[in-house]
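Asks: Given next are the chains, with one letter for each unit.
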Amino acid sequence: MKKGIAIISSIVCILVGLLFGLILLCIIDPADSISLGFSPLILSGLSTAFDPNWIAAGTNLMKLGQEIANAMPIIMTGLSVAFAFKMGLFNIGAAGQYTLGAFGALYCALVLKCPWYVCLLAATLLGAIWGMLPGLLKAYLNINEVISCIMLNWIGLYGVNTIMCSNDKMFNSSQAKAYQVGVVNKSALIPDSIFGWNISETFNYAATNTGIIFAVVIAIIILIVLNKTTFGYELKACGYNKDAAKYAGINDKRNIILAMVISGALAGFGAGLFYLSGTVQWNPLDSTALPAAGFDGITVALLGLVNPIGCIFSGLFISHISVGGTMMQQSIFPSEISQLITGLIVYLCAFSPIMQEKLTKLFEAHKKIKHDVNKEEK
Amino acid sequence: MADYVIEMLGISKYFPGIKANDNITLQLKRGEIHALLGENGAGKSTLMSILFGLYQPDEGVIKKDGKVVKINNPNDANDLRIGMVHQHFKLVECYSVLDNIILGVEPNVAGILQKQEARSKIMELSEKYGLQIDPDAIVENITVGMQQRVEILKMLYRDNDVLIFDEPTAVLTPQEITELMSIMKKLATEGKSILFISHKLAEIMTVADRCSVLRKGKYIGTVDIKDTTAEGLSTMMVGRKVNLKLEKKEATPGEVILDVNNLTVASNSSKKDAVKNVSFNVKRGEIVCIAGIEGNGQAELIQAITGLSKQKKGKLTLCDKDISHESIRYRSEHGMSHIPEDRHKHGLVLDYNLAQNIVLQRYREPEFSKFGFIKFDAVKKYAEKLIQKFDVRCGQGAETIVRSMSGGNQQKAIIAREIDKNPELLITVQPTRGLDVGAIEYIHKAILEQRDSGKAILLVSLELDEVMNLSDRILVMYEGELVGEFKSSEVDTETLGLYMTGAKRDNITKEATK
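From first to last, the protein sequence lines stand for chains A and B.
Under this note's numbering, the first sequence has 260 at position 260, and the numbering climbs by one with no breaks.
Under this note's numbering, the second sequence has 61 at position 61, and the numbering climbs by one with no breaks.
Calculated directly from the structure, the hints in this document are not laboratory data.
Some residues of chain A that are not near chain B, with every Cβ distance over 12 Å (derived):
1) I5
2) F20
3) S39
4) L43
5) I155
6) Q175
7) S187
8) A292
9) I332
10) I354
Derived list of chain A stretches under chain B, where covered just means 3 residues or more per stretch with a C-beta under 8 Å from a C-beta of chain B:
11) 219-232
12) 237-245
Source: prediction; values computed, not measured.
All C-beta atoms in this analysis are idealised placements derived from N, C-alpha and C, irrespective of residue type, glycine included.
Could you put together the complete structure from these sequences and hints?
Replies: What follows is the structure, encoded as structure tokens:
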């Protein structure tokens, strides 16, 4: 019942966000707003999937593939943020942990020429270390994790960019970007096939690979850890009520550090999945921007109701909308509208407790009327 | 000419799911002290909040001097000369007494404060009603009793003639209570009308002229105090006969379970030590009570014993094991149970369900977990057993979210958990705070049963009735030191009050307690 209401309120947030998007499109160009704007925006990859022209060309699933590939890292950062939330911590440092994860993956792939699983492990490890730092600061010095996370985001970004630019095995000066993993070291690419099924070929999109399966499996593991284990029990107890957890003899310092380590590892893993998919390149000269995937994680976690399985769906949805944004008629509608919509949805998510309360009341009133009617009939 | 200064007629107030007030009528005569009696959750506070303008009634009317009035907010109430002393005082701690009294109605000429004028009016009022204050003292430095007098003066300064006292005696010593009672009587004879909210029958019997009783949101009736007895009132309040006096056998203390030796603990709030060189012990089969006014180091003492905070120096021994530097978990697993003072802060994870709260310290035991996975079936079964055994009322059994349970049942759940751990030492702090008479009766019996089954019990209580009723041995704590030790059968509340306020003290040495 409670979960149902929470899901409904999330869907209401999405609908209101989309409605706002529609209004905006109508303001920009009322005549084409539906056909060239709103329809490709919300159908996104689905619009091409069933289009006969695209089917004939054999590329009809490509956009869906792109959605999945883009969803992988933000599902992971979403899990990262959600996991820390359960402990009552706000991991705004997912972007920094993601940056470190990307560096770990690329260094192992480009410089050390390691196979993909080593690269992925390195990404996870560096993310974990970057998550541990604010954890240590919080546990032992009571420094607010939000502040230390934000600072570590920038320290991580500038550190990574400086090292990358000075390493000619990583930095391709002619392109002004990091080398492509797929070109330099094919063994570092995450496998395309599982059990004989070539995911990449199915979608006809190189970056779509078994990474999405990793992401789903990890979400399920996180769900089990949170709900079935003593560790998850302790973690949530600390998150709900720190004082009661301490009273119960739970070591909250240890749990704060562990939660941040795991949270950081998840973000780092997500970066590994993304940068080892072959096509994307790190741009160390673009030094003013933290990777958006880190902050999208907050969106994903909130929209996914801080639930690991919810994160899978919300990650896919946000990726869906942002791919849809690029599919609108670009000469009329800027693709940033999709970001505006996700921004609005997150904003609405912040009000979702109020909405849940109203919905609960509505349901209760409805039940009561039904109950009274039944009584009278008897 | 209206006989009644305030009439609340047919007042109803609904909250989602409950009727907090159901057709309540309250009539306050001019110059009387009218008690409003009811258990927790009976609707007293809601009714007073309506009178004070914090809530609007869904049905019913309020009349002042026979005229219907609408009170939309506390300012309206103030304009109608209705004033209230809240249970937790609303004072600016770093302001002087004088500044606090005039705050909000500062006398001024063109924006310039006229303190001298205010001062003379306050001193006049203070003299007239016998409310001794020092107008230049800073509020944080004065006693709770004086803070209350400041609150009363605030009402008088605003020329209020209807005065509401919300559980005014909860924070006072016996001496201060007596003084308050005489002040209230004096105010009434000077023509002020007083509404006195309380659940302490003895106080109502002493001071009130009439008493209205609420039960579960409904109006039960109004009685003249001279025509009734404390038993009669309690029957009206609870709806059944309640045993006010606990049947208790003589204690038979056995060996020492907890030994506290020269314990010194730093204060939570200031730089001073809250507990200074305290030594005592608790033996098997006895209830030892630490009595004292709030804030004299009891909280810090218990935190050090239970491990929530570290002591500065001193030694703690539990069942002959030195636990001075052991963790909370170690103490809990080696025979210490703790019913904490603040059940919402320490005792429960409100968003966990009942079953999860029942195993709050024990989820790691093999009975409830395996390879790091919690055995939810076993947890649920155990919780259901305790729900049965301790009569915890909850909507959805073991799966009830604890936040949705009533305070009394939350407390019962904690008590069930702590007692069923089968401890050697049961530490219980204010176990009945904010609970109704029925629940108090139950909890006192449960604690007594534990004593009789050979547990050592350390009780901290601010309620003197509870201290006198329950304990075998009383230690009085004043400013971080133990200043008196008594057998409960050999001491009266007046004497305890003298020790609690520091007016008297004995030298308690380690040897004396042995």
